[in-house]
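Asks: Residues per chain are reported as follows:
2 protein chains.
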Amino acid sequence: MKRLIVDMDDVIADATGQFINFYEREFGVRVTRESLNHQEEGLGFPNHHDIIQQFPFRETFFQTMQPNEGSQEIVEKLNKKYELYIVSAALEFPQSLSEKLKWLGEHFPFLHWKQIVFCGSKAVVHGDYMIDDLPYNLETFNGEKFIFSAPHNLHINTFQRLNNWKEAGERFL
Amino acid sequence: MKRLIVDMDDVIADATGQFINFYEREFGVRVTRESLNHQEEGLGFPNHHDIIQQFPFRETFFQTMQPNEGSQEIVEKLNKKYELYIVSAALEFPQSLSEKLKWLGEHFPFLHWKQIVFCGSKAVVHGDYMIDDLPYNLETFNGEKFIFSAPHNLHINTFQRLNNWKEAGERFL
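Residue numbers (the working numbering), protein chains in the order written: chain A, 1 to 173; chain B, 1 to 173.
Hint data in this document are derived by calculation from the structure and do not stem from the laboratory.
One thing to keep in mind: the hints can contain errors.
No copy is singled out in the list; a pair is fine if it fits within one copy or between any two copies.
Stated by the list, open to error - 30 Å max Cα-Cα, derived DSS-like pairs, lysine-lysine:
#	residue 1	residue 2
1	2	114
2	166	102
3	145	2
Because the structure is a prediction, the values reported are computed rather than measured.
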């Protein structure tokens, strides 16, 4: 069985949508997803960039995210065909550990705790395939690399691209 | 720089001592460390084995452990010579995640969060050397394997052995 490494934020979880929600709640402006395209994480918002960087340190940020469209159905199918691990660089945000664990239990109940990895650097994990939205996570990976589309990575063309979970299903199932 | 993977419980943290403490607190009997030798984890205690298995699910179990003798000084030195990761199979015990993170911050403050990995299975990490007390963690590792002595592994002779942190320092520094 091939080993498939799947990221959380902006891959199975809609982190971008959560930034938009938190921005709206704090500043009363609902930014469109498209307006964030081709800009570094957080910098697509009109202002308050220093406060936006603090959103992931706030309670409920990770626990109340929505799953990305199609992620639950496709990951459940991938889970039968691959040795699948969810690998999240969660250690940067201490309170995210328990929130992410609860979130996975709620939205991906078919995953076993043995399949979850919370790390700082992803350089330490290895496998056959990695799906991630961040180039620096992919760069250190030993296997085949797939960038999962998010507003902040649309300008990157050095990896194979998966635009959504439908495409991921077509590639891996 | 060679990558060195170091376990937490019964390697840098005195998990055995914590089991002894919790057993004494619960049942009024202080078991000696030697009486646990050559027996599976938990089974060296005179009785109440079902309750002992629950100790790691209790609050403060991980956060109030003592560091193993010499671990802090030697790991701090190793941290300058190796690409060092602390890798703990913490996902089995949900409440351990935040406790372990606080514990590392308290006792190993020189480690960066990028060097910490909380996983379920260690099969997903790779490196040059692994120091662990549990054979099943070592078995799936791609690099050179070292078993760190703990009462439950003294009968195992299929790995290079480190009896304590003094020996680990002599081998790796």
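Asks: Checking against the hints above, which ones are violated?
Replies: Violated: none.
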